[in-house]
Amino acid sequence: MGYLLIVTLIQAFSFNLIGEYLAGHVDSYFAVLVRVVLAGLIFIPLTRWRQVPPAFMRGMLLIGALQFGVTYVCLYLSFRVLTVPEVLLFTILTPLHVTLIEDALNRRFNPWALVAALVAVSGAAVIRYDRINPDFFMGFLLLQLANFTYAAGQVMYKHLVARHPSDQPHYRHFGYFFLGALAVALPAFLLFGKAHYLPDGTAQWLVLVFLGLVATALGMYWWNKGACLVNGGTLAVMNNLHVPVGLLMNLLIWNLHEDLLRLFVGGGVILAAVWISRLGVRRSDTHCA
Numbered sequence: 004m005g006y007l008l009i010v011t012l013i014q015a016f017s018f019n020l021i022g023e024y025l026a027g028h029v030d031s032y033f034a035v036l037v038r039v040v041l042a043g044l045i046f047i048p049l050t051r052w053r054q055v056p057p058a059f060m061r062g063m064l065l066i067g068a069l070q071f072g073v074t075y076v077c078l079y080l081s082f083r084v085l086t087v088p089e090v091l092l093f094t095i096l097t098p099l100h101v102t103l104i105e106d107a108l109n110r111r112f113n114p115w116a117l118v119a120a121l122v123a124v125s126g127a128a129v130i131r132y133d134r135i136n137p138d139f140f141m142g143f144l145l146l147q148l149a150n151f152t153y154a155a156g157q158v159m160y161k162h163l164v165a166r167h168p169s170d171q172p173h174y175r176h177f178g179y180f181f182l183g184a185l186a187v188a189l190p191a192f193l194l195f196g197k198a199h200y201l202p203d204g205t206a207q208w209l210v211l212v213f214l215g216l217v218a219t220a221l222g223m224y225w226w227n228k229g230a231c232l233v234n235g236g237t238l239a240v241m242n243n244l245h246v247p248v249g250l251l252m253n254l255l256i257w258n259l260h261e262d263l264l265r266l267f268v269g270g271g272v273i274l275a276a277v278w279i280s281r282l283g284v285r286r287s288d289t290h291c292a
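With my numbering applied, the sequence shown has no gaps in its numbers, which climb one by one up to 292 at the end.
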């Protein structure tokens, strides 16, 4: 639990830093690439390369590609059309995706998850009822893809570590995670990046360094390690704790003119969607070995 709490605070602060210093100023693909490279410089020298099961190696590469590569490319792109409070609120739906993925792995069908998805969309509409446009819904959909890949990474990591128990500490195999993330981030930057939107100030570089070394390197490692030490219900709650913390930071420091009533009503509807998605789910207490 301690790992998850620390990462929650880091995540809440990071969302605000991205929205205030990077979104609209620094190329999204470049920002993701820098984070991956800095985090890789921490973990790749510590990674064990010999006597690692090929299936485990492939699994870690895929998890990194999904949980960081695809997730953060989509997240940064969503900041182009969404405010920080909107991004935070729309990430509330990550547990819904965890539910869908766990149901798929266990060959279950939960109709409440489909109802929850419709409720979540209505909650998003409440927040932007006077400014709904294709860009807004594109941002919402990008975040749902980010939520899905982030959830998939967590679920897959728990299952992968359980299938391949090892006496080696977790950090000994986390370099594969960032190589998988690099396999997404580098081609994305080379294909879609814009060189004239690179950082042009000390503050932006400092934010990128913080995000790379702290939010990405330590944050992703501690989150996945912590996810192996708690049950599914606790993990779902922790996936959402960064939302109120991040909103509080944003509203008190950076965004004093936000329409609070509309934000909280829409957020309440989205939170109800998460609760609906949990109906009919048989909670399990599966732990990582």
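Derived from the structure by calculation, the hints contain no laboratory data.
Check each hint, because a few of them may be wrong.
[What the hints assert, rightly or not] Restraint-style ranges between C-beta atoms, simulated for each label pair:
1) Arg110 / Phe267: 35 to 43 Å
2) Arg110 / Leu49: 32 to 40 Å
3) Val118 / Leu44: 43 to 51 Å
Ideal placement from N, C-alpha and C gives every residue a C-beta, glycine not left out.
Exercise for review: Please flag the earlier hints that this structure goes against, numbers listed from lowest up.
Suggested key: Checked against the structure, no hint fails, so every one of them is satisfied.
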